[in-house]
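Protein chains in written order, with the working numbering: chain A, 1 to 286; chain B, 287 to 572; chain C, 573 to 858; chain D, 859 to 1144; chain E, 1145 to 1430; chain F, 1431 to 1716.
Wrong hints could be hidden among the right ones.
DSS-like mimics (lysine-lysine), calculated; alpha carbons at most 30 angstroms apart, straight line [unchecked claim]:
id	chain 1	residue 1	chain 2	residue 2
1	E	Lys1146	F	Lys1670
2	C	Lys812	C	Lys671
3	F	Lys1550	E	Lys1146
4	F	Lys1670	C	Lys812
5	D	Lys978	B	Lys289
6	C	Lys591	A	Lys99
7	C	Lys574	A	Lys99
8	F	Lys1670	E	Lys1264
9	B	Lys526	E	Lys1384
10	C	Lys812	A	Lys19
11	E	Lys1264	E	Lys1288
12	B	Lys288	D	Lys861
13	B	Lys430	A	Lys2
14	C	Lys574	F	Lys1449
15	A	Lys3	C	Lys716
16	D	Lys877	B	Lys288
17	F	Lys1449	E	Lys1147
18	D	Lys978	B	Lys406
19	E	Lys1384	D	Lys1002
20	A	Lys2	C	Lys812
21	A	Lys144	C	Lys812
22	F	Lys1433	F	Lys1574
23	A	Lys120	C	Lys574
24	B	Lys305	D	Lys978
25	B	Lys305	D	Lys861
26	B	Lys288	A	Lys240
27	D	Lys877	B	Lys385
Just so you know, the hints here were simulated from the structure itself, not pulled from any lab data.
There are 6 protein chains.
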Amino acid sequence: MKKNIETFIACDAEYEDAKVVIFGAPFDSTTSYRPGARFGSAAIRHESYGLETYSPYLNCDLEDLNVYDAGDLELPMGSAEMTLDAISACTSEILNAGKIPFMLGGEHLVTLGTVREVAKKYPDLHIIHFDAHADLRDDYLGVKLSHACVLRRCHDILGDGRIHQFGIRSGERAEFGFARAGHTDLHPFSLEGLDSVADDLASSRVPVYFTIDLDVLDPSVFPGTGTPEAGGVSFDQLRKALTKVCQTVNVVALDVTELAPTLDPSGVSTAVAGKVVRELLLAINQ
Amino acid sequence: MKKNIETFIACDAEYEDAKVVIFGAPFDSTTSYRPGARFGSAAIRHESYGLETYSPYLNCDLEDLNVYDAGDLELPMGSAEMTLDAISACTSEILNAGKIPFMLGGEHLVTLGTVREVAKKYPDLHIIHFDAHADLRDDYLGVKLSHACVLRRCHDILGDGRIHQFGIRSGERAEFGFARAGHTDLHPFSLEGLDSVADDLASSRVPVYFTIDLDVLDPSVFPGTGTPEAGGVSFDQLRKALTKVCQTVNVVALDVTELAPTLDPSGVSTAVAGKVVRELLLAINQ
Amino acid sequence: MKKNIETFIACDAEYEDAKVVIFGAPFDSTTSYRPGARFGSAAIRHESYGLETYSPYLNCDLEDLNVYDAGDLELPMGSAEMTLDAISACTSEILNAGKIPFMLGGEHLVTLGTVREVAKKYPDLHIIHFDAHADLRDDYLGVKLSHACVLRRCHDILGDGRIHQFGIRSGERAEFGFARAGHTDLHPFSLEGLDSVADDLASSRVPVYFTIDLDVLDPSVFPGTGTPEAGGVSFDQLRKALTKVCQTVNVVALDVTELAPTLDPSGVSTAVAGKVVRELLLAINQ
Amino acid sequence: MKKNIETFIACDAEYEDAKVVIFGAPFDSTTSYRPGARFGSAAIRHESYGLETYSPYLNCDLEDLNVYDAGDLELPMGSAEMTLDAISACTSEILNAGKIPFMLGGEHLVTLGTVREVAKKYPDLHIIHFDAHADLRDDYLGVKLSHACVLRRCHDILGDGRIHQFGIRSGERAEFGFARAGHTDLHPFSLEGLDSVADDLASSRVPVYFTIDLDVLDPSVFPGTGTPEAGGVSFDQLRKALTKVCQTVNVVALDVTELAPTLDPSGVSTAVAGKVVRELLLAINQ
Amino acid sequence: MKKNIETFIACDAEYEDAKVVIFGAPFDSTTSYRPGARFGSAAIRHESYGLETYSPYLNCDLEDLNVYDAGDLELPMGSAEMTLDAISACTSEILNAGKIPFMLGGEHLVTLGTVREVAKKYPDLHIIHFDAHADLRDDYLGVKLSHACVLRRCHDILGDGRIHQFGIRSGERAEFGFARAGHTDLHPFSLEGLDSVADDLASSRVPVYFTIDLDVLDPSVFPGTGTPEAGGVSFDQLRKALTKVCQTVNVVALDVTELAPTLDPSGVSTAVAGKVVRELLLAINQ
Amino acid sequence: MKKNIETFIACDAEYEDAKVVIFGAPFDSTTSYRPGARFGSAAIRHESYGLETYSPYLNCDLEDLNVYDAGDLELPMGSAEMTLDAISACTSEILNAGKIPFMLGGEHLVTLGTVREVAKKYPDLHIIHFDAHADLRDDYLGVKLSHACVLRRCHDILGDGRIHQFGIRSGERAEFGFARAGHTDLHPFSLEGLDSVADDLASSRVPVYFTIDLDVLDPSVFPGTGTPEAGGVSFDQLRKALTKVCQTVNVVALDVTELAPTLDPSGVSTAVAGKVVRELLLAINQ
């Protein structure tokens, strides 16, 4: 009798054969407003059976790929340090096996666990960051390891000019000031400007970490997130942009964060997140 | 003391006087993902009292029309065969009286019950089909009478070139292949191309069955459906397109399916569905 | 890297070692009122991680048992016949391996798939049935394979005096008449009388199929079900009764049905169902 | 083709033949805390199709009764005066036809519209009142026609000793003082004492108005109400009590109020309310 | 120990220093379809802590303004007259202190309470009105003080040509006729034409009352309202339009109405409303 | 114009005059299953306006008491250490002023912040603990400061025989073993035995900390909590027990924790929690 193995739809390759390895980081202890992102990765996986494996946009099918889904890490709520260590350990194992880590959050802080590990392997790493929020605070009520500070912590590691932010439409005045001072390459409000950034990064073949906070989407299509911000991008805009990134730049690791499925009782947000993951998997494997 | 007759708002004509007859087909047994479309027709009728009878888009008023609303059929959950027979019988009665059947689903399979009856009367029938999904599978886990196969079953009846599909953005590779092989006239992703198709059908005055799976709408405006698919059309795009169809081609029967009202606790999906029905009634009666 | 195997909490034995085998039957196509039981088995499994493995009531721990969880069957919505065949096949395999099948519904019709197979192996089978509804209709709108008829279909197989019904507080007049005519042993409204029935069945060591429709519980503690019926039993009453059954009679197969988790947004119904499953597993293994 | 007449299940008698006439009063403008009772009557009617017509408690069937359901009044939200006038007019018509009015609320203020009319016909009227709240305020923020004052307004009409209140567990100190001063016969916290009150009223054959604010039930079984008050009665306690009243005293009119269905997304509250209505109809017709 | 003073985020000026004074009008008794707007003002205030005080659109920060938030009025549900009197009294006090009243509804009827007071001080007052509904009925089921009549009541005070309506896409035929007859300046469907109207009003420096019924937004981004109307404006369209109004014309008072937060369990509607209020405060203070 | 001060209903004393001081601890970062308790204290306060100030059970009125409500602490999500420090500081200030701290959680870990401070002042402190869960783990996935360990941490401070636990019906085998070994005085499943424990503590006049995890209630009446456990106590049982404690023993500080209001869309859980707080305030002030 078969075991009950649950994966993102059609991501049932053997580990050895996989080019991309999915894992979940179900953590949301530092969420300051509305928690629930801890349920994101399991929901994306579980509800992926409502999707088709075939993308008419890309004319590709997940059935043709080799993706491994390692399930969710067991993370200790309340301890950001131990959580980030567990994420880094998992990332390291995947990188050492020569595969691409694809993390499903969880809140956005989990990105720090992967980025710090990826940056060890790729010291010239750049980050492409889609988000509604700048996430550039130095601390949040005294806490340095907070979702609101995650890109600032990444900047601590990577330094100026390496972080390319798109869709940003919320933050403190100081965060926008930090970006304007040249520390990050911030493109407010929309995904405009992405094509030229992607083309530049592609031409230099630098390794890129691609992190998508799903609240970059407009709350109309993605209400299920802790801090919805009106004025976001449409699904088609996101879909085209992520395809551009995956098909041009050298993506060495990626993540999708901040789905809080219980905040959207219609289930649409989870369905959208699953479709984003499918398109990412297909585009990155082309 | 008056009896408690409940109809779609202002659709209170006598049967004899009616040009259009509404009836509901509250069935969703073959829904593969999230059920609830069985509650669609009653919700559209019940919540129609939150609408105005007047459309400022068309400058027409339901008060001026003669529409009869026959309520919902009593359908045996679990038996697609018996359900389709009941729908066909009702359709036949309406057609024989020289009226236009307007069915409210229910899941999309119910369309087969009307189409097979309408095709008997109009052997040269075409179908205009708005949907997110191709619905062209030959079977679903061995089941032939499934919502996922309904247009394929219609194709079994009508043959090649008679089915005009718009807005399709989800399906198996084989379904898109079936369409591309010329069996149906599939327009992916949007309603583009509708105007010329409608004009062609209008010029030849062929009879047309018009079926709208409401998930053709973007989930942002219509989350209350079993299988929401991001990347759909806006309400205004749908409104203009359905007006075009009703005002140009010879619509001999029509349906609106796949509202699952309980999946959208905000009630917006039901309100949208009601407005679609109002605009259809007004446009088809012009 | 480990595979993502999802089981009911601590039910991670190897198949060969297992005494009890759990499987899910995610089907609800014949539900006449409010669907959603298809999501029951997966929810029980997924949310079991909010439970403890230890029962202070029984002073036992799931960690000490050998239970295998085979996951959910893939069932074709819309076809009761094919669904029941798939359930029977799975039941047969488990019985042939000398193990106890423990099915998680799904709607109550799924019980027919197991009972007809168990009755082949144990022709002297009795059924202990906890439910709010008699489920003794001969048909439902002409459909014989309906949740509302499931015990009647079991009676077709087993004959008079073999079905012991408890907690029944809803049904047509004819169903109560059928029971009163001696066809079943119906105990209305509560679980009273169970002890003596269980003792009788225990003393004769007849094989017993134990089916629990969770709507036997009062809707206050279990709102998440298709047809809630006020006036049901409390959790403690159910817990004591199921422990009595499992610890005295010769239970050769069992099921738990009719959790519709999405109907209870608080999640309490799923948590209750999981606790029922835990107590059943512990009691039946003692 | 049949018209779509919607009634409480099986209440499809002709008006002339009916002994009891149901009508709805969908009004909640004076609700001070959480509105939504306006949707109560329609929900009870619409969801009654999830009930059986047969009561195993009473061994009676709605199919054997002659009840007419007149649907909902059209009431002007925002105007308590006009609303009460419309209710009184409807009550008068039913009383003049020699039938028993059975009103479904709406908020509790609607009771004033019936009581003032019934008291004209039966000057020696008593009221049996089940409720969590005393509803004896003289005004609410200056408003005299408020749900919180409705029994006080009834007292204005009937005077001391005519109102028998049960289950009351919430109110201002002054309201309890008003009752203790002998103006009403208030039985706090439970339905204890009802039997002797009912027997007294029965022996004198005085006409009785029976008003049930459903929040007399414990919120565990009836959360869908504007102001839930923990510590209420169980469904079985209510069922037995209402049967006692209907089978002993001379009930000349009755109502059931304060279901706010949208406050309980599980739908259990509506199902409970429907079962209360069924038991009332059966008991009052015996 | 500090008192628990709750304000819209950063609106913590002393009354004397404030240029703008916020107050809430939690009333919805005349809502004809789905109530809940009574909870709007408190929700906007309470959930404002999920917003940033800084607007990257305007490059301004609430921290730099002097705004006072007086909390919610205590209003008697069920009495429109007493409610409007309380609103007028509060408005008068703020106007007399030389400040700008900024009311948070509540249903749209509350606008009458402010407008009639503002019109006393500014007899040449104009109104800019964003809404999905014309609100021009003369009465609603006989009630003159209804949300559906509020702009008609304002027209009673101001007369022809003073009310500039945008985004209107729903109403009775008579309401559109009333506007077309020249009584109001109605711009259907969108915010087109606003710029020239605003420029005209700016050049003449007439005092303007700015009332935003949030259902002018498309239900995709703002489902939490009593009567959602598909086909509305996007958040960015609204944001740009309100900025235009506040930065050009002489706004002497304003309001934001018709958020019904409980109708949108995702919380997005409340977040959107809060962002609208923030942008209004920043634009009007520039 | 008055400031918008929000308190638990009628808890508007001046700080100097108050005997009891309420404060909220909106923290839930260590919640392992379903977060949301961070919203508990604000919801209790905000929804208290649906309660009466008068208790007919105790014949007392909050209007007669002097209670101060200091609002919610601002706590850094993600840092248990900093959170507990902030709670301890607030507790210390209240104790030093000779008042009784009454904390509203938040998750149960917050109790450690108060207990450790109260134990400094009262070294002979005992704890009366109502809960479904033992909370006696030494760590949770390596984390010592977890809600699942809070009573164990209290035991670290107070030692054996000082903690009296009631209603416990869930925990690991090791936790029950720890209690059975005599470290705590654990009364499983119900509140039985409380009277004699309370009488003993009363006769010795030892200072007592009273902590109520609201999940001691049955999920039927209190579904809105992170980890609901069927088989709990009724509201009346809890009400009587807390009255007994407050009226007999020397309660020097107390808390109420684990309301997660968003998990119960009916709002009943919040209403129940508010009523518990009212009864505690009234009983402790007698």
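So, going through the hints one by one against the coordinates:
1. Lys1146/E <-> Lys1670/F: violated (34 angstroms)
2. Lys812/C <-> Lys671/C: holds (25 angstroms)
3. Lys1550/F <-> Lys1146/E: holds (25 angstroms)
4. Lys1670/F <-> Lys812/C: Between Lys1670/F and Lys812/C the Cα gap is close to 26 angstroms, so the pair holds against 30 angstroms.
5. Lys978/D <-> Lys289/B: Holds, because 27 angstroms separates the two Cα atoms, which is no more than 30 angstroms.
6. Lys591/C <-> Lys99/A: violated (40 angstroms)
7. Lys574/C <-> Lys99/A: holds (16 angstroms)
8. Lys1670/F <-> Lys1264/E: It is violated: about 58 angstroms lies between the C-alpha atoms, which goes past 30 angstroms.
9. Lys526/B <-> Lys1384/E: holds (26 angstroms)
10. Lys812/C <-> Lys19/A: violated (52 angstroms)
11. Lys1264/E <-> Lys1288/E: holds (21 angstroms)
12. Lys288/B <-> Lys861/D: holds (13 angstroms)
13. Lys430/B <-> Lys2/A: holds (27 angstroms)
14. Lys574/C <-> Lys1449/F: With a Cα-Cα distance of about 58 angstroms, the restraint between Lys574/C and Lys1449/F is violated, given a limit of 30 angstroms.
15. Lys3/A <-> Lys716/C: Status violated; Cα separation ~34 angstroms.
16. Lys877/D <-> Lys288/B: holds (16 angstroms)
17. Lys1449/F <-> Lys1147/E: Satisfied, since the Cα-Cα distance of roughly 16 angstroms is no more than 30 angstroms.
18. Lys978/D <-> Lys406/B: violated (64 angstroms)
19. Lys1384/E <-> Lys1002/D: Violated - the C-alpha atoms of Lys1002/D and Lys1384/E are around 46 angstroms apart, more than 30 angstroms.
20. Lys2/A <-> Lys812/C: violated (34 angstroms)
21. Lys144/A <-> Lys812/C: violated (51 angstroms)
22. Lys1433/F <-> Lys1574/F: violated (42 angstroms)
23. Lys120/A <-> Lys574/C: Between Lys120/A and Lys574/C the Cα gap is close to 25 angstroms, so the pair holds against 30 angstroms.
24. Lys305/B <-> Lys978/D: violated (49 angstroms)
25. Lys305/B <-> Lys861/D: Holds, at about 16 angstroms.
26. Lys288/B <-> Lys240/A: violated (58 angstroms)
27. Lys877/D <-> Lys385/B: Violated, at about 40 angstroms.
Violated hints, listed in ascending order, are 1, 6, 8, 10, 14, 15, 18, 19, 20, 21, 22, 24, 26, 27; each of the other numbered hints is respected by the structure.
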